[in-house]
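> Sequence:
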Amino acid sequence: MSQSHWLKQAMTSAVRGPTKDYRSYFLDLSKQSRLLTMDISQRFFVKVVVFFLSWSHYEGKESEFKDVTCGSLVKLLNTRHNVRLHSHDVKYGSGSGQQSVTGVESADDGNSYWQIRGKPDHPCQRGTAIKCGQAIRFTHMKTGRNLHTHHFTSPLSNNQEVSAFGENGEGDDLDVWTVQCDGILWERNDAVRFKHIGTNVFLSVTGEQYGHPIRGQREVHGMTSPNQHNWWRVMEGVFIQPSQDPLRHDEL
12 MSQSHWLKQA
22 MTSAVRGPTK
32 DYRSYFLDLS
42 KQSRLLTMDI
52 SQRFFVKVVV
62 FFLSWSHYEG
72 KESEFKDVTC
82 GSLVKLLNTR
92 HNVRLHSHDV
102 KYGSGSGQQS
112 VTGVESADDG
122 NSYWQIRGKP
132 DHPCQRGTAI
142 KCGQAIRFTH
152 MKTGRNLHTH
162 HFTSPLSNNQ
172 EVSAFGENGE
182 GDDLDVWTVQ
192 CDGILWERND
202 AVRFKHIGTN
212 VFLSVTGEQY
222 GHPIRGQREV
232 HGMTSPNQHN
242 WWRVMEGVFI
252 QPSQDPLRHD
262 EL
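Count along the sequence shown from 1, add 11, and you get the number used in the working numbering.
It should be emphasised that the hints constitute simulated quantities derived from the structure, not laboratory data. All values derive from a computational prediction rather than experimental measurement. Fair warning: there could be bad hints in the mix.
Pairs of lysine to any residue, SDA-like flavour, derived with a Cα cap of 20 Å [claimed, not checked]: (1) K77 x L196; (2) K206 x R244; (3) K102 x K206; (4) K142 x F76; (5) K130 x G104; (6) K77 x H162; (7) K206 x P253; (8) K206 x R226; (9) K206 x H162; (10) K130 x A118; (11) K142 x K102; (12) K130 x S117; (13) K130 x F76.
Distance windows between CB atoms, simulated [unchecked claim]: (14) G222 x P253: 42 to 48 Å; (15) R226 x D132: 24 to 30 Å; (16) G104 x F76: 40 to 46 Å; (17) K77 x G222: 38 to 44 Å; (18) P237 x K130: 32 to 38 Å; (19) V101 x N200: 29 to 35 Å; (20) D120 x L167: 40 to 46 Å; (21) D119 x T235: 29 to 35 Å; (22) E116 x E178: 27 to 33 Å.
In this text, a Cβ means the ideal position worked out from N, Cα and C, and glycines have one as well.
Based on the provided sequences and hints, a complete structural model is requested.
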């Protein structure tokens, strides 16, 4: 079985399979010799999934904990266009040529999971609540690259290109975003904005759609002003409690 086919099967099992089945699947998989033959992004993907699924037996009371926390693995929904932040190992054909970031309508696509992390020089403690105004990174679970933007023009809307950059979770200082929300802490029901520290743009979607090879997916880009196109809400995911125990939610 090819690595790409195996990873596709593994991700389907992780997203849709029964908890006890896919947890044992990945834990067993991490011990197999084939792990040594994977590239960096594939190994990163397996390590992240093993970490979260090894805790998935924990049953918490979701209603008692409402904040978004460091280390959580989440999907982010653009509330204006009803698409989830997504990436995949498909590079832009123009601009930076880095890994593309898009918006997808599907709620169960495994390529839409992002881990919330601290700044490179100031990591946040796993399980601590994210504050409004805090600087964070989003690391794509499957490829290990960080949500990133820079002064390249986006291919469809001519706004600022947003890409996924780095290797095994490490990129550069253009991977850092601040959470803009009301109040003190980022709550899971909040609609929030993400403002890029390095270039002052907001993570946005305005509806432009790609053709082949990612037909129907929406362009994600940076916009200079806050508006209706840059509101985001946390959806499915695995949420880490302050006690450092993960809280299972929805698909995982």
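> Would you list, in rising numerical order, the hints stated earlier that this structure does not obey?
Going through the list in order, the structure violates hints 3, 5, 6, 7, 8, 10, 11, 12, 13, 15, 18, 20 and respects the others.
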